[in-house]
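Asks: Chains A and B, in that order, give the protein sequences.
Read in order, the letters of the first sequence are residues 1 to 267 in UniProt numbering.
Read in order, the letters of the second sequence are residues 1 to 256 in UniProt numbering.
These aren't lab readings, by the way, just hints derived from the structure by calculation.
Model, not experiment: these values are computed from the prediction.
Yeah, the Cβ is synthetic: ideal placement off N, Cα and C, and Gly gets one too.
Take the hints with a grain of salt, since some may be wrong.
Stated by the list, open to error - Cβ-to-Cβ under 7 Å is the rule here; a few derived chain B residues that face chain A: (1) A107; (2) P110; (3) V156; (4) M157; (5) A163; (6) P171.
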Amino acid sequence: MTPDDSARSGALPFTKPSSADTAPEVRVHAARLDWHGVPLFDALDFTMPAGRWTCLLGPSGVGKSTLLRLIAGLAPPHADSRVTCGTGQSLEGRVAYMAQTDLLLPWATVLENVMLGARLRGEKPDTRRARDLLQAVGLHEAADKRPAELSGGMRQRAALARTLMEDRPVILMDEPFSALDAVSRLRLQDLAARALEGRTVLLVTHDPLEALRLGHRVHVLSGRPARLDAPLTPEGPPPRKATDPALLALHADLLARLEAADAEVPS
Amino acid sequence: MSRDGLQRLGRTVVTVAVLLGLWQIAFHLTGERRFLLPSPAQTLEVLVERHVQILEHAGVTFAEILLGLGLGCVLGVGTALLLASFRPVRRWLMPVLVVSQAIPVFAIAPLLVLWLGYGLGSKVAMATLIIYFPVTAAFFDGLRRTDPGWMDLARVMGGGRFATLRHIRLPAALPAFASGLRVATAVAPIGAVVGEWVGSSAGLGYLMLQANARMQVPMMFAALFVLAVFAVALYTAVDVLLRRALPWVPDDGRTS
Numbered sequence: 001m002t003p004d005d006s007a008r009s010g011a012l013p014f015t016k017p018s019s020a021d022t023a024p025e026v027r028v029h030a031a032r033l034d035w036h037g038v039p040l041f042d043a044l045d046f047t048m049p050a051g052r053w054t055c056l057l058g059p060s061g062v063g064k065s066t067l068l069r070l071i072a073g074l075a076p077p078h079a080d081s082r083v084t085c086g087t088g089q090s091l092e093g094r095v096a097y098m099a100q101t102d103l104l105l106p107w108a109t110v111l112e113n114v115m116l117g118a119r120l121r122g123e124k125p126d127t128r129r130a131r132d133l134l135q136a137v138g139l140h141e142a143a144d145k146r147p148a149e150l151s152g153g154m155r156q157r158a159a160l161a162r163t164l165m166e167d168r169p170v171i172l173m174d175e176p177f178s179a180l181d182a183v184s185r186l187r188l189q190d191l192a193a194r195a196l197e198g199r200t201v202l203l204v205t206h207d208p209l210e211a212l213r214l215g216h217r218v219h220v221l222s223g224r225p226a227r228l229d230a231p232l233t234p235e236g237p238p239p240r241k242a243t244d245p246a247l248l249a250l251h252a253d254l255l256a257r258l259e260a261a262d263a264e265v266p267s
Numbered sequence: 001m002s003r004d005g006l007q008r009l010g011r012t013v014v015t016v017a018v019l020l021g022l023w024q025i026a027f028h029l030t031g032e033r034r035f036l037l038p039s040p041a042q043t044l045e046v047l048v049e050r051h052v053q054i055l056e057h058a059g060v061t062f063a064e065i066l067l068g069l070g071l072g073c074v075l076g077v078g079t080a081l082l083l084a085s086f087r088p089v090r091r092w093l094m095p096v097l098v099v100s101q102a103i104p105v106f107a108i109a110p111l112l113v114l115w116l117g118y119g120l121g122s123k124v125a126m127a128t129l130i131i132y133f134p135v136t137a138a139f140f141d142g143l144r145r146t147d148p149g150w151m152d153l154a155r156v157m158g159g160g161r162f163a164t165l166r167h168i169r170l171p172a173a174l175p176a177f178a179s180g181l182r183v184a185t186a187v188a189p190i191g192a193v194v195g196e197w198v199g200s201s202a203g204l205g206y207l208m209l210q211a212n213a214r215m216q217v218p219m220m221f222a223a224l225f226v227l228a229v230f231a232v233a234l235y236t237a238v239d240v241l242l243r244r245a246l247p248w249v250p251d252d253g254r255t256s
């Protein structure tokens, strides 16, 4: 049995976000961000429903990643912009982030990488929980290896385990599966959908099928300054089957929207 | 021994043999003016006959080099950490560092001897000065070029400045530090020997000057040979240690 197989089999002991901190709705009010003096978006309002996956598609350079970074607190927002939970609190300390590259530290073992957050905050890392999570993503045997010894799919699963280890109610993901081959990508989508169930997730992606498999809401961001269209809401619980006819019909619709959006982007 | 190892050994033997052959040919070409260049055999004779004296002086030079290397590294690492941690320090210290490098160490060697005397101190200071800059520059550069993705991750995870420095920026800068240390190891003997030439009472540089004054050219070559062997051995040792200590750094082909 390869590690990829073990990730698929059986029910996995993923914990829901702890009850004290149930996944909140996330609201972005009047987001504005300038890039070299040109507003990427202006007065943009955006809501991520609580405990649901929101997917964001759009042409390259439209500002998807920038919007995600703004929510993560990584991009300096304009004075008028506000990012809050549904209850009005700040999002600080309630977010976990997963990027396009795995961002694993090459000198540390997989296990140490999973526990990085605790180390950085000066907390005592929970080794047992980290091992359990590695088991859950099918990487138990790789716990003491260095990232360089892992395949691309395994590395991204290690990054997923690190994200889960943070146990935050809001998860922001910036094209986390885009560098993987087709089969690994499908498996990781399934794994992520189960592992992150019940959390408020934002997934920025270039892959319309990925968005339709995973998203409760699928938005297309287009134009400059960028606007959001009315979301698509695919039916059924994620991860949806890629071969579902209803999904494929939506796929055609979404591709048409993306083509239209691409035509508006000033070069 | 592996096949690779055997091949490497073979290459080394051939290189040394060719160099010795060229030396021997050059010796014959000098003809009447034999005093210009001793033969390999004459040099070996001096090495064997006067090994006690040579080793005594070699010990002094090696001590200077090793102390300079240690001191230069500690100061360089400290400076780089200061520069990377505090922006005001960077603004004030960086220009001073650059200016200090514009002054050739050789030009201040007489001053160092004047201030620190003929003993070990002035030579260690010379070696330290010459090692300090490559180590500082390389390590600081490494600390500055942390993958921005890692910095984003650390920020979202709530890592403080110093925790991020310790757990991410510092280990990430170690390969750059290793390159700086390799350069420093290669230039360290220069500092010690120049210091000895300017003014000293012991060391291989002193031995060469004395031999030069008395036209004992084989002795000069013997001292030079010992210095070269030590320099190569030191570089190789540092290189091997760094490879062992940083196993995750991709190996870009063997240099030793």
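Asks: It remains to establish, for every hint, whether it holds in the given structure.
Replies: Going down the list of hints, with the structure as the test:
1. With a cut of 7 Å, the hint placing A107 (chain B) at the interface with chain A is violated, because the nearest CB-to-CB distance is about 41 Å.
2. Because the smallest distance between the Cβ of P110 (chain B) and any Cβ of chain A comes to about 45 Å, over 7 Å, the interface hint for this residue is violated.
3. About 4 Å separates the beta-carbon of V156 (chain B) from the nearest beta-carbon of chain A, less than 7 Å, and the hint is met.
4. Taking 7 Å as the C-beta cut-off, the interface hint given for M157 (chain B) holds, the closest approach to chain A being about 4 Å.
5. A cut of 7 Å between beta carbons decides the hint on A163 (chain B): the least distance to chain A is about 5 Å, and the hint holds.
6. Proximity of P171 (chain B) to chain A holds as hinted, the smallest CB-CB distance being about 5 Å (cut-off 7 Å).
The structure does not agree with the numbered hints 1 and 2 stated previously, though it agrees with the rest.
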